[in-house]
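Q: Chain by chain, the residues:
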Amino acid sequence: MKAAVLRAQNQPMEIEEVAVSNPGPREVLVRTLAAGVCHSDLHFLDGSYPYQLPTILGHESAGVVEAVGRDVTYVKKGDHVITCLSAFCGHCDKCVTGHLSLCASPEVARKPDDSPRLATKEGDAIHQFLNLSSFAEMMLIHEHALVKVREDMPMDRAALIGCSTTTGVGAVFHTAGVEPGSTVVVIGCGGVGLAAINGAAIAGAGQIIAVDRVDSKLELAKSVGATHVVNAAEKDAVGEVKEMTQGGCDYAFEAIGLKATAEQAFQMLGPGGTATVIGMIPVGTMVELHGVDFLSEKKIQGSNMGSNRFRVDMPRFVEFYLNGKLHLDQMISKHIRLDDVNLALEALKTGEEARHVIIFD
Amino acid sequence: MADIEVETEVTGNVWKVLCQVGDHVETEQELVILESMKMEIPVEAPQAGTVKALNVSEGDAVDEGQIILVLEG
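Same order as they appear, the protein sequences are chains A and B.
Our numbering numbers the first residue of the first sequence as 1 and each following residue consecutively.
Our numbering numbers the first residue of the second sequence as 1001 and each following residue consecutively.
Read the hints as simulated data drawn from the structure, not as lab findings.
Where hints are given, some of them may not hold.
Some residues of chain B that are not near chain A, with every Cβ distance over 12 angstroms (derived) [to be verified]:
(1) Cys1019
(2) Gln1047
(3) Ala1053
(4) Glu1064
(5) Val1070
Straight-line distance between alpha carbons at most 27 angstroms, and here's what the computed DSSO-like set of lysine-lysine pairs gives [claimed, not checked]:
(6) A:Lys222 with A:Lys325
(7) A:Lys299 with A:Lys94
(8) A:Lys349 with A:Lys2
(9) A:Lys77 with A:Lys148
(10) A:Lys259 with A:Lys148
(11) B:Lys1016 with A:Lys111
(12) B:Lys1016 with A:Lys121
(13) A:Lys259 with A:Lys222
(14) B:Lys1052 with A:Lys94
Taking beta-carbon pairs under 8 angstroms as the criterion, some of the chain A residues facing chain B (in silico) [what the hints assert, rightly or not]:
(15) Ala104
(16) His127
(17) Gly177
Yeah, the Cβ is synthetic: ideal placement off N, Cα and C, and Gly gets one too.
All chains, full assembly: derive it from the sequences and hints.
A: Written out as structure tokens, the structure reads:
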């Protein structure tokens, strides 16, 4: 199969022939139909998050089941599926207490000494990225890394549900638990931030304030549910939010991954408010807070993949899309071929566009 | 011949140990692979040297900033 192989950080990926192993007992071979190009891929490409190389990036995808391993009963050949990097073991303490997205069990991957799922034509291992590696015509994944979805769901939109939607909407629904009528601020209007805004609208938030430095992103934010916008290139975001909300918001979401914006998310809270950091802050970075703010019961927390229970959440998000509540159409700025994946990652660096989605034959 | 302490950048588990005491390693050579939130994160040699002490084995839990091995440069 063809795949985009990353051999060195900050170098273009090469489209190569890659060998994919046969499904093990609990593995599923999925033919990739669509894969989103996400800013998180860029974090691993540029080395702000280290990863084993060579690898095949891509972690936001949808496809159709091609073959299943001996013990798989959940899906069969031909089923439409969305993949999720939150592969869960199903029996650790995180899983059985309902925190599946925090499962850290390595058993959903092959063991270090097993033959690899992915390899070069010469037989050298290619490290699977987050148990998925979606920039490839096929994905060989654990059965707990996918969910079945309705066949009338368009696959390019379904792919987005695989990461950005789940991360943003899930942060609002599950991590923060936004109540109807509350005030919400989302800093950063990329794919995840827009999903958080959309999630806040579905949850019934009152004021929903979008913060970004790019006007086109703020326009997109309005189209998915933002009631107010602040261009942080022109105005002090914290001051503006405090004024608009008469003293600070109930919920702030950071969807960029920077120290400064994580600190701003906390600073713009009103008493009792909660800041949720969704963005991937580079490894080694410290975040500083004013200690006195804890006296007014302000809280700050992280959110990983929207604290998802994706087997339940993703079919619900599909329903939200199909009944017009989840706005995925405008999230896709361009459909591309696998050969153009490097250009899509370059485009992400500018911050101008929403999302490119790779379409496979 | 200064000792170089190699720390982990993240909290996680040791997935694979790729060196042993006495090995000579080159700059940026992968020494240990950590597993953290389903990510395989390599710990590389900051400079060339000989592995003087190896403080972890496969399956161990490690904290951010923990010294997992010492190189003699």
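Q: All hints are to be evaluated individually against the structure, with a verdict given for each.
A: Okay, the hints, checked on the actual structure:
| no. | hint | result |
| --- | --- | --- |
| 1 | Cys1019 | 14 angstroms, holds |
| 2 | Gln1047 | 17 angstroms, holds |
| 3 | Ala1053 | 22 angstroms, holds |
| 4 | Glu1064 | 9 angstroms, violated |
| 5 | Val1070 | 20 angstroms, holds |
| 6 | A:Lys222 with A:Lys325 | 14 angstroms, holds |
| 7 | A:Lys299 with A:Lys94 | 22 angstroms, holds |
| 8 | A:Lys349 with A:Lys2 | 25 angstroms, holds |
| 9 | A:Lys77 with A:Lys148 | 11 angstroms, holds |
| 10 | A:Lys259 with A:Lys148 | 37 angstroms, violated |
| 11 | B:Lys1016 with A:Lys111 | 10 angstroms, holds |
| 12 | B:Lys1016 with A:Lys121 | 24 angstroms, holds |
| 13 | A:Lys259 with A:Lys222 | 26 angstroms, holds |
| 14 | B:Lys1052 with A:Lys94 | 37 angstroms, violated |
| 15 | Ala104 | 6 angstroms, holds |
| 16 | His127 | 6 angstroms, holds |
| 17 | Gly177 | 22 angstroms, violated |
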